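Undergrad: Residues per chain, in single letters:
2 protein chains.
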Amino acid sequence: MVMKFADKLLSASRKNQSWLCIGLDPDPELLPGLDVLQFNKAIIEATSDLVCAYKPNLAFYEALGAEGFATLEKTLHCIPDHIPVIADAKRGDIGNTAKAYARALFSVFGFDAATVSPYLGFDSIEPFINYRHKGVFILCRTSNRGATDFQNLCTDGRPLYEVVARKAGEWNAYGNIGLVVGATYPEELERVRSICPDMCLLIPGVGSQGGDLAAAVAHGTDARGEKAIINVSRQVLYASREKDFARAAREMAEKIRGQINSSLASHPGSQ
Amino acid sequence: MVMKFADKLLSASRKNQSWLCIGLDPDPELLPGLDVLQFNKAIIEATSDLVCAYKPNLAFYEALGAEGFATLEKTLHCIPDHIPVIADAKRGDIGNTAKAYARALFSVFGFDAATVSPYLGFDSIEPFINYRHKGVFILCRTSNRGATDFQNLCTDGRPLYEVVARKAGEWNAYGNIGLVVGATYPEELERVRSICPDMCLLIPGVGSQGGDLAAAVAHGTDARGEKAIINVSRQVLYASREKDFARAAREMAEKIRGQINSSLASHPGSQ
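Line order of the protein sequences matches chains A and B.
Residues in the first sequence are numbered from 179 upward in steps of one, following the numbering used here.
Residues in the second sequence are numbered from 179 upward in steps of one, following the numbering used here.
Calculated from the structure, these hints are not laboratory results.
These figures come from a predicted structure and were not determined experimentally.
Any given hint could turn out to be false.
[Said to hold, decoys possible] A partial selection of chain B residues facing chain A, derived with a Cβ cut-off under 7 Å: (1) G243; (2) A244; (3) A248; (4) E251; (5) K268; (6) G270; (7) I272; (8) A282; (9) S295; (10) G299; (11) N322; (12) R323; (13) G324; (14) A325.
Glycine residues also receive a C-beta, built at the ideal position from the N, C-alpha and C atoms.
Turn these sequences into a full structure, and let the hints steer you where they fit.
TA: Here it is, written out as structure tokens:
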């Protein structure tokens, strides 16, 4: 029987005592004299007992051309089976095409979850949701500066990102929808968590982007102090730019996991 | 000197007397006994004197795994240099990652233009716009049913898609922004054209999706009867599912080009 994404995530998180997700976003210009696959492999080997998930962003593989997707496939083979892998793809297209993307990410590459964009509405997301044992993270309130251009526009008396969160709740018939909410806006994160108390939230924006880790944990977790996936990419991958990058990445991952767990220790649901 | 996208598009359109764009979206299950590259090559050879552009949707290549992107690269080599190629990618990600996507599509694969999603705001689109000689088509009002879920929500007294069109106008410092507006909603198309009188519009949704071609031409073109790229995919690609598919595709492309040109003949700017 195939394990559902949320169960696989909780299982990995409990085993590794971690809500840290590492973004596998290799930039060839920043790698210490080895290729992308060797780099990813070393990062995974150094950190796979410290994470709840990995999250490759497909842009960094697409930037390597066709070869990049072969590297992505090989990278996925390096990740232990019990660790879920989220395709950060932010896909959003019409029905027929959305089906092709969902098939690509879930059946062909074999990801456990994917990020999708809400702009095209329900029928652009439905083909992903229909893979009931896979996770689907809808972009809600992103971590970047430009997020306010549209996501905070007032619609029907509330900001657009809240409308997206509510719709996501309505669409969640199979319980496999999550939301992407940046750590850089803790108040918005708190709002989204109150609208969707049980959903998994994928939270980028701590580390290099400057989001506050303790606030992300406090506002992002559910009532039990779970389901807040804290993603860090560059801060871990490039903790050292020298030959000791894997050891430095491990130390940084341990440190951030420790900080997350310290914040969780004071969480009302953690007892 | 590198030709700007809009100039390359106009040049191809005038040479071929065509505003028809063919979507190169091969579905292996629908191909008459040959592989995707052979199919694409035959379609391109049969139609390259009838189009203003080609538009591969990346989903259909991603669905073939790493091999699919190699096929995409080879497909691009089959397209004559003077015909612009639009990457239908609908990308939208934060700054650092958006840069990687823009590099992937424009520098690595060498597309002339790309479609992007507006949900993440200006800094997600800026890295694309900064390639000044490339075209950037922002999703505005899409052709699918679910488009109304968010795009028609009222914000600041107008629907979100109009806000996107206005923002696109503000962001268009280099004159390389266009908009994607579905033919299935001719009134919205007319609104967008009135907001952005000079932009290139990429108009999917005629053919299999049921949009009215004459209305798309009437409402989508600019004052000179130009800059409305009418995209058709399945209706041309699968005009025949037999061995004569290339001839059938050519006949269908000729027919649609003729219909577009007939509609243009009654356009006030065409004299």
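Undergrad: Does each hint hold? Answer for all of them.
TA: Each hint, compared with the structure:
1. G243: holds, 5 Å
2. A244: A244 (chain B) check passes; min Cβ-Cβ to chain A is 4 Å, inside 7 Å.
3. A248: holds, 4 Å
4. E251: For E251 (chain B), the interface hint holds, since the closest Cβ of chain A sits about 5 Å away, which is under 7 Å.
5. K268: holds, 5 Å
6. G270: holds, 6 Å
7. I272: holds, 4 Å
8. A282: At about 4 Å, which falls below the 7 Å cut-off, the nearest Cβ of chain A leaves the hint on A282 (chain B) intact, so it holds.
9. S295: Holds, about 5 Å.
10. G299: Holds. Min distance 3 Å.
11. N322: Holds. Min distance 4 Å.
12. R323: holds, 5 Å
13. G324: holds, 3 Å
14. A325: holds, 6 Å
Figure legend: structure checked against the earlier numbered hints; every hint is met.
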